[in-house]
Amino acid sequence: MDKKNWLDTTYKKAAERPIRFSTVSDMELEPLYTPADVSGSYDEALGNPGEYPYTRGVYGSMYRGRLWTMRQFAGFGLAEDTNARFHFLLGQGQDGLSTAFDMPTLMGYDADHERALGEVGREGVSVSTVYDMATLFDRIPLDRVTTSMTVNCSASVLLAMYLIVAERNGIPWERVGGTIQNDMLKEYIAQKEWICPPRPALRIVTDMIEFCARKVPRWHAVSISGYHIREAGSTAVQELAFTIADGICYVEDAVKRGLNVDEFAPRLSFFWNLHNDFLEEIAKLRAARRMWARIMKERFGAKDPKSMLLRTHAQTAGASLTAQQPINNVVRVGIQALAGVLGGVQSLHTNSMDETLALPTEQAVMVALRTQQIIAEETGVTNTIDPFGGSYAVEALTDRMEREAMEYIRRIDEMGGMIKAIETGYPQREIAEAAFHFQRQLEQGIKTVVGVNKYSIPEEIPIPTLKIDAAIEEKQIQRVRKVKRERNSVAVREALTRIGEACRSGENLMEPICEAVRRDATVGEVSDIFRAEFGVYTDPGWL
Amino acid sequence: MAEKRLRILVAKPGLDGHDRGAKIIARALRDGGFEVIYTGLHQTPEMIAQAAVQEDADAVGLSVLSGAHMTLFPEVMRLLKERGAADVAVFGGGIIPDDDVVKLKEMGVRQIFTPGASTEDIIKWVRENVAPRQ
Numbered sequence: 001m002d003k004k005n006w007l008d009t010t011y012k013k014a015a016e017r018p019i020r021f022s023t024v025s026d027m028e029l030e031p032l033y034t035p036a037d038v039s040g041s042y043d044e045a046l047g048n049p050g051e052y053p054y055t056r057g058v059y060g061s062m063y064r065g066r067l068w069t070m071r072q073f074a075g076f077g078l079a080e081d082t083n084a085r086f087h088f089l090l091g092q093g094q095d096g097l098s099t100a101f102d103m104p105t106l107m108g109y110d111a112d113h114e115r116a117l118g119e120v121g122r123e124g125v126s127v128s129t130v131y132d133m134a135t136l137f138d139r140i141p142l143d144r145v146t147t148s149m150t151v152n153c154s155a156s157v158l159l160a161m162y163l164i165v166a167e168r169n170g171i172p173w174e175r176v177g178g179t180i181q182n183d184m185l186k187e188y189i190a191q192k193e194w195i196c197p198p199r200p201a202l203r204i205v206t207d208m209i210e211f212c213a214r215k216v217p218r219w220h221a222v223s224i225s226g227y228h229i230r231e232a233g234s235t236a237v238q239e240l241a242f243t244i245a246d247g248i249c250y251v252e253d254a255v256k257r258g259l260n261v262d263e264f265a266p267r268l269s270f271f272w273n274l275h276n277d278f279l280e281e282i283a284k285l286r287a288a289r290r291m292w293a294r295i296m297k298e299r300f301g302a303k304d305p306k307s308m309l310l311r312t313h314a315q316t317a318g319a320s321l322t323a324q325q326p327i328n329n330v331v332r333v334g335i336q337a338l339a340g341v342l343g344g345v346q347s348l349h350t351n352s353m354d355e356t357l358a359l360p361t362e363q364a365v366m367v368a369l370r371t372q373q374i375i376a377e378e379t380g381v382t383n384t385i386d387p388f389g390g391s392y393a394v395e396a397l398t399d400r401m402e403r404e405a406m407e408y409i410r411r412i413d414e415m416g417g418m419i420k421a422i423e424t425g426y427p428q429r430e431i432a433e434a435a436f437h438f439q440r441q442l443e444q445g446i447k448t449v450v451g452v453n454k455y456s457i458p459e460e461i462p463i464p465t466l467k468i469d470a471a472i473e474e475k476q477i478q479r480v481r482k483v484k485r486e487r488n489s490v491a492v493r494e495a496l497t498r499i500g501e502a503c504r505s506g507e508n509l510m511e512p513i514c515e516a517v518r519r520d521a522t523v524g525e526v527s528d529i530f531r532a533e534f535g536v537y538t539d540p541g542w543l
Numbered sequence: 001m002a003e004k005r006l007r008i009l010v011a012k013p014g015l016d017g018h019d020r021g022a023k024i025i026a027r028a029l030r031d032g033g034f035e036v037i038y039t040g041l042h043q044t045p046e047m048i049a050q051a052a053v054q055e056d057a058d059a060v061g062l063s064v065l066s067g068a069h070m071t072l073f074p075e076v077m078r079l080l081k082e083r084g085a086a087d088v089a090v091f092g093g094g095i096i097p098d099d100d101v102v103k104l105k106e107m108g109v110r111q112i113f114t115p116g117a118s119t120e121d122i123i124k125w126v127r128e129n130v131a132p133r134q
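Chains F and C are the protein sequences, given in the same order.
Each residue of the first sequence is one higher than the last, beginning at 1 in this note's numbering.
Each residue of the second sequence is one higher than the last, beginning at 1 in this note's numbering.
Since the hints were derived computationally from the structure, they do not count as laboratory data.
Using N, Cα and C, we set each Cβ at its ideal position, and we do this for glycine too.
Among the clues, some could well be false.
Derived DSSO-like pairs: lysine-lysine, alpha-carbon spacing no greater than 30 Å straight-line [what the hints assert, rightly or not]:
1) F:Lys-467 with C:Lys-105
2) C:Lys-124 with C:Lys-4
3) F:Lys-420 with F:Lys-256
4) C:Lys-103 with F:Lys-467
5) C:Lys-124 with F:Lys-475
6) F:Lys-447 with C:Lys-124
Counterexamples of contact, computed for chain C against chain F with all Cβ distances above 10 Å [claimed, not checked]:
7) Met-107
8) Arg-110
9) Glu-128
10) Ala-131
Assemble the whole structure, with the sequences as input and the hints as a guide.
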């Protein structure tokens with residue numbers, strides 16, 4: 001009996017629970033998926049793992065060959081505080097580092113700037129000078145451990161600092177591996193830490209793509225990030241669509257610069273959010289791989305299969321965690337991480353249960369890391385590759401998400417590309433709309449958040465949280481001032497002037513920035529050159 | 001003549017770009033019948049106090065998720081007072097630990113809403129606790 005008949009006869013007699021069956025993104029699901037819901041042949045739509053279009057995974061053997069990199073995001077206080085956390089995590093079996101910087105560092109202000117007041121070391125580690133960077137990576141072998149740095153508008157300076165620290169430790173740039181987020185387009189769309197307007201910001205990103213392709217071959221110059229788009233309230237389809245559209249924009253700009261697509265595309269990587277809706281998230285990751293493979297091959301004419309691979313880091317959804325009954329967050333994170341693994345990620349961060357209250361304590365981050373280790377070593381889901389491949393529901397959802405995301409991309413193309421779309425506020429408004437819609441559904445009880453709008457308790461049981469000592473701000477301010485006092489200020493001035501000239505001439509900015517960092521120029525000083533040369537972007541305050 | 005609609009300035013002080021909550025609140029307050037002005041991101045306390053006075057706001061809603069609330073909230077209050085606008089009702093929201101909520105209220109912040117607060121509760125609170133400035 002075909003599905004329609006089956007539904008009409010058997011199923012319609014059974015009463016459904018009186019709710020709307022839709023994903024967390026409000027995508028309605030059918031009661032049943034059958035082979036009739038899946039389109040395309042196996043080779044065309046899926047392919048084996050490690051084969052075009054990579055729906056089933058970017059590598060042939062996937063986790064049977066090698067597990068994903070367990071990479072917890074860490075950063076707070078002074079560089080030595082975060083360095084101690086790095087060593088703790090490596091000691092607990094983590095195998096890659098991921099650095100969270102504080103707001104001033106992310107926005108290109110030194111710790112002693114008045115706008116940094118109250119923010120130093122609070123949401124991440126404070127790095128103003130190359131000495132802070134050296135302390136941060138003290139006793140970490142930069143040629144063996146790969147590092148991810150979550151920083152965007154000041155990414156060029158932070159990467160330069162990392163490279164100079166490696167250089168001073170006798171490690172050549174060719175041997176340094178890692179990722180810098182450096183995805184400025186999603187800053188305007190979602191995360192909103194910026195210095196300059198979108199166009200010059202894109203130029204700096206492309207400079208870094210070019211520089212890394214030629215000088216730091218093991219470095220991923222951009223991690224194209226849907227994570228923050230989702231955190232800002234987008235649906236899963238919007239996350240997929242806007243992220244891939246950002247990727248298209250970077251590739252187009254680099255190609256326009258004269259780079260061959262296969263020269264840089266293998267070093268582009270991605271970063272996704274893992275939310276609560278298990279099937280939707282697995283489908284999203286599978287759709288993302290297929291979309292990117294097809295776009296790189298068909299739209300950009302990539303020849304190297306490595307250019308077509310969407311390799312990705314993922315992080316469980318911070319926005320999904322609740323301040324109410326925070327221990328429940330351990331369960332949410334476990335399920336989200338499992339979706340990531342079943343979706344085939346290469347690297348994973350699991351959030352800590354206390355992150356809606358503060359930055360994680362050592363105990364909370366250990367539970368989060370153990371969650372990954374339990375999935376990897378106890379659940380058995382790593383024993384076979386892409387176990388969800390061929391699930392009618394997952395394949396149908398994968399097809400649908402690709403279709404709906406491609407529709408968004410078509411609309412953005414029609415607008416003249418992502419920069420134009422951002423300038424008119426299109427993705428920003430779409431996301432705000434989705435966030436508001438979700439909030440309404442929550443308040444109307446259409447969607448459930450356990451412990452918040454259902455199963456709440458009158459008295460919360462408190463859990464321990466990490467407190468950042470207010471004295472660190474003053475300590476860091478004094479450190480930055482000392483560096484500024486003791487360095488050769490004429491040499492610094494000269495180097496900063498050179499950066500300004502490169503801003504105007506169009507010369508690649510990375511070598512002049514590296515030279516300025518060698519002479520002890522700070523994050524804020526280089527960012528001030530960008531502000532002076534390219535202007536400052538202000539939030540249009542779109543609602 | 002109809003009663004004067006309350007004017008509320010919704011502001012994001014400091015450097016953090018997490019504006020999801022601020023935007024949802026701004027929109028919900030607007031739908032709730034208030035006049036809402038949203039400042040956009042990365043405002044200094046100075047900019048916020050100035051905007052509150054210029055826009056003749058009856059209340060200022062501050063959203064901070066960066067942990068800098070103990071520096072930024074009191075500074076906004078101080079600057080409002082300096083400009084003769086101490087009667088503007090300041091309320092706020094974000095990731096704010098319970099101990100800090102107590103301290104902020106002692107400093108005169110009228111109310112703090114923490115994660116999970118519903119927009120209906122916030123609208124209700126504004127209706128019941130904010131009066132038009134004379």
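Results of checking the hints against the structure:
1. Only pairs whose Cα atoms come within 30 Å are accepted, and Lys-467 of chain F paired with Lys-105 of chain C is accepted, the gap being roughly 20 Å.
2. A distance of roughly 17 Å separates the Cα atoms of Lys-124 of chain C and Lys-4 of chain C; the hinted pair therefore holds under the 30 Å criterion.
3. A threshold of 30 Å between alpha carbons decides the hint, and for Lys-420 of chain F with Lys-256 of chain F the separation of about 17 Å falls inside it, so the pair holds.
4. At roughly 16 Å between alpha-carbon atoms, Lys-103 of chain C and Lys-467 of chain F fall within 30 Å of each other, so this suggested pair holds.
5. Only pairs whose Cα atoms come within 30 Å are accepted, and Lys-124 of chain C paired with Lys-475 of chain F is rejected, the gap being roughly 43 Å.
6. For the hint pairing Lys-447 of chain F with Lys-124 of chain C, the CA-to-CA distance comes to about 22 Å; that is within 30 Å, so the pair holds.
7. Annotated as non-interface, Met-107 of chain C keeps its C-beta farther than 10 Å from every C-beta of chain F; the closest such distance is 14 Å.
8. Every C-beta of chain F lies more than 10 Å from that of Arg-110 of chain C, the closest at about 21 Å, which supports listing it as non-interface.
9. Interface exclusion of Glu-128 of chain C from chain F stands, the closest Cβ pair being 18 Å apart, more than 10 Å.
10. With a minimum CB-CB distance of about 25 Å to chain F, Ala-131 of chain C clears the 10 Å threshold, and the non-interface call stands.
When the structure is compared with the earlier hints, a violation turns up for hint 5 alone.
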